[in-house]
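Chemist: The chain contents come next:
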Amino acid sequence: QKEVEQDPGPLSVPEGAIVSLNCTYSNSAFQYFMWYRQYSRKGPELLMYTYSSGNKEDGRFTAQVDKSSKYISLFIRDSQPSDSATYLCAMRETGRRALTFGSGTRLQVQP
Amino acid sequence: GAVVSQHPSRVICKSGTSVKIECRSLDFQATTMFWYRQFPKQSLMLMATSNEGSKATYEQGVEKDKFLINHASLTLSTLTVTSAHPEDSSFYICSAETSGANYEQYFGPGTRLTVT
Chain A
1 QKEVEQDPGP
11 LSVPEGAIVS
21 LNCTYSNSAF
31 QYFMWYRQYS
41 RKGPELLMYT
51 YSSGNKEDGR
61 FTAQVDKSSK
71 YISLFIRDSQ
81 PSDSATYLCA
91 MRETGRRALT
101 FGSGTRLQVQ
111 P
Chain B
1 GAVVSQHPSR
11 VICKSGTSVK
21 IECRSLDFQA
31 TTMFWYRQFP
41 KQSLMLMATS
51 NEGSKATYEQ
61 GVEKDKFLIN
71 HASLTLSTLT
81 VTSAHPEDSS
91 FYICSAETSG
101 ANYEQYFGPG
111 TRLTVT
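Taken in sequence, the protein lines are chains A and B. Residue numbers for the first sequence follow my numbering, so the first one is 1 and each next one is one higher. Residue numbers for the second sequence follow my numbering, so the first one is 1 and each next one is one higher.
Bound-form chain A, shown alone (with noise of 0.2 Å):
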């Protein structure tokens, strides 16, 4: 079993609808929450970062951390075509710097 465990998709979605895309771990460890957007042949860009469980939004982006059980997950409003992409979550211990990744979701958004 992986740590992290995400969707690989593809997710397609019409313009202008919510998108959620989720990841589950193991490591009860993780602490520090991350997503990661990658176009194709493009490196990583960090999207969203959060501490420990509750909620964070960053204009159209919400990330919510539940270590309870385990979940995160990314919503994304009002979508657009610009978003389409793959979306990487990641993950880190206090005191660790290395970051586990999950395998990537990639959204389609259609216009």
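Note that these hints are calculated values from the structure, not bench results. By construction, the Cβ of each residue, glycine as well, lies at the ideal position given by its N, Cα and C atoms. Some hints here could point you the wrong way.
Unchecked claim - Cut-off 35 Å, straight-line C-alpha distance, at most; resulting in silico cross-link-like pairs (DSBU-like, lysine-lysine):
(1) B:Lys-41 x A:Lys-67
(2) B:Lys-41 x B:Lys-55
(3) B:Lys-64 x B:Lys-14
(4) B:Lys-64 x B:Lys-20
(5) A:Lys-42 x B:Lys-64
(6) B:Lys-14 x B:Lys-41
(7) A:Lys-42 x B:Lys-20
(8) A:Lys-42 x A:Lys-56
(9) B:Lys-14 x A:Lys-42
(10) B:Lys-14 x A:Lys-56
(11) A:Lys-70 x A:Lys-2
(12) B:Lys-66 x B:Lys-14
(13) A:Lys-70 x B:Lys-41
(14) A:Lys-70 x B:Lys-14
(15) A:Lys-56 x A:Lys-2
(16) B:Lys-41 x B:Lys-66
(17) A:Lys-42 x B:Lys-66
(18) B:Lys-64 x A:Lys-2
(19) A:Lys-70 x A:Lys-56
(20) A:Lys-42 x B:Lys-55
(21) A:Lys-2 x B:Lys-55
(22) A:Lys-2 x B:Lys-66
(23) B:Lys-20 x A:Lys-67
(24) B:Lys-41 x A:Lys-2
(25) B:Lys-14 x B:Lys-55
As the list claims (entries may be wrong) - Chain A stretches covered by chain B per the calculated footprint, using a threshold of three residues with CB under 8 Å from any CB of chain B:
(26) 42 to 54
(27) 101 to 109
Said to hold, decoys possible - From chain B, some residues computed to sit far from chain A (all C-beta separations above 12 Å):
(28) Ala-2
(29) Ile-12
(30) Cys-13
(31) Lys-14
(32) Gly-16
(33) Gln-29
(34) Gly-53
(35) Lys-55
(36) Asn-70
(37) Ala-72
(38) Leu-76
(39) Thr-80
(40) His-85
Got chain A sorted already, so can you dock chain B onto it with the hints?
Modeler: Below, chain B without anything else, positioned relative to chain A:
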């Protein structure tokens, strides 16, 4: 802010030759940089952690003599793939870590290596 560059973006080399990839943090200093490898439609796999002024720390299964890492300054880390073979063909991505409590990692655009 927090821009990381990589050079070259794409390289094709012959089997048996060595290739050097540079990773630079352009607008911040990074005492720690990371090197990842990504296969098509797969996630990033950490290869090594590069610390300025000291030896790199390699992940289990990564050959340190094959993947030489040098972190010569607070803004530059290099990865040299020595005696490259076709199985080394991959997408190599570096990241640089910001200072402060969050230790956020910002990624470079990646280098596509093809070994023929």
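Chemist: Taking the hints in turn, state whether each one holds.
Modeler: Tested hints:
1. B:Lys-41 x A:Lys-67: 28 Å, holds
2. B:Lys-41 x B:Lys-55: Within the cut-off at roughly 31 Å; holds.
3. B:Lys-64 x B:Lys-14: 21 Å, holds
4. B:Lys-64 x B:Lys-20: 14 Å, holds
5. A:Lys-42 x B:Lys-64: 26 Å, holds
6. B:Lys-14 x B:Lys-41: Distance ~25 Å between Lys-14 of chain B and Lys-41 of chain B Cα, so the pair holds.
7. A:Lys-42 x B:Lys-20: Satisfied, since the Cα-Cα distance of roughly 19 Å is no more than 35 Å.
8. A:Lys-42 x A:Lys-56: 26 Å, holds
9. B:Lys-14 x A:Lys-42: 24 Å, holds
10. B:Lys-14 x A:Lys-56: 48 Å, violated
11. A:Lys-70 x A:Lys-2: 13 Å, holds
12. B:Lys-66 x B:Lys-14: Between Lys-66 of chain B and Lys-14 of chain B the Cα gap is close to 16 Å, so the pair holds against 35 Å.
13. A:Lys-70 x B:Lys-41: Within the cut-off at roughly 24 Å; holds.
14. A:Lys-70 x B:Lys-14: 45 Å, violated
15. A:Lys-56 x A:Lys-2: 26 Å, holds
16. B:Lys-41 x B:Lys-66: Satisfied, since the Cα-Cα distance of roughly 24 Å is no more than 35 Å.
17. A:Lys-42 x B:Lys-66: Measuring from Cα to Cα gives roughly 25 Å; hence the hint holds.
18. B:Lys-64 x A:Lys-2: Since the Cα atoms of Lys-64 of chain B and Lys-2 of chain A sit roughly 25 Å apart, the hinted pair holds (cutoff 35 Å).
19. A:Lys-70 x A:Lys-56: 17 Å, holds
20. A:Lys-42 x B:Lys-55: 28 Å, holds
21. A:Lys-2 x B:Lys-55: 29 Å, holds
22. A:Lys-2 x B:Lys-66: With a Cα-Cα distance of about 27 Å, the restraint between Lys-2 of chain A and Lys-66 of chain B holds, given a limit of 35 Å.
23. B:Lys-20 x A:Lys-67: 41 Å, violated
24. B:Lys-41 x A:Lys-2: Since the Cα atoms of Lys-41 of chain B and Lys-2 of chain A sit roughly 16 Å apart, the hinted pair holds (cutoff 35 Å).
25. B:Lys-14 x B:Lys-55: At roughly 28 Å apart (the allowed maximum being 35 Å), Lys-55 of chain B and Lys-14 of chain B satisfy the hint.
26. 42 to 54: It holds: at least three residues are needed, and the segment 42 to 54 of chain A offers 7 whose Cβ sits within less than 8 Å of chain B.
27. 101 to 109: holds (count 4)
28. Ala-2: 8 Å, violated
29. Ile-12: The assertion about Ile-12 of chain B holds, with a minimum of 15 Å to chain A.
30. Cys-13: 19 Å, holds
31. Lys-14: 23 Å, holds
32. Gly-16: 26 Å, holds
33. Gln-29: With a cut-off of 12 Å, Gln-29 of chain B remains clear of chain A, as the shortest Cβ separation is near 16 Å.
34. Gly-53: 16 Å, holds
35. Lys-55: 15 Å, holds
36. Asn-70: 19 Å, holds
37. Ala-72: 20 Å, holds
38. Leu-76: 17 Å, holds
39. Thr-80: The claim holds: Thr-80 of chain B sits with its nearest Cβ about 20 Å from chain A, beyond 12 Å.
40. His-85: The claim holds: His-85 of chain B sits with its nearest Cβ about 22 Å from chain A, beyond 12 Å.
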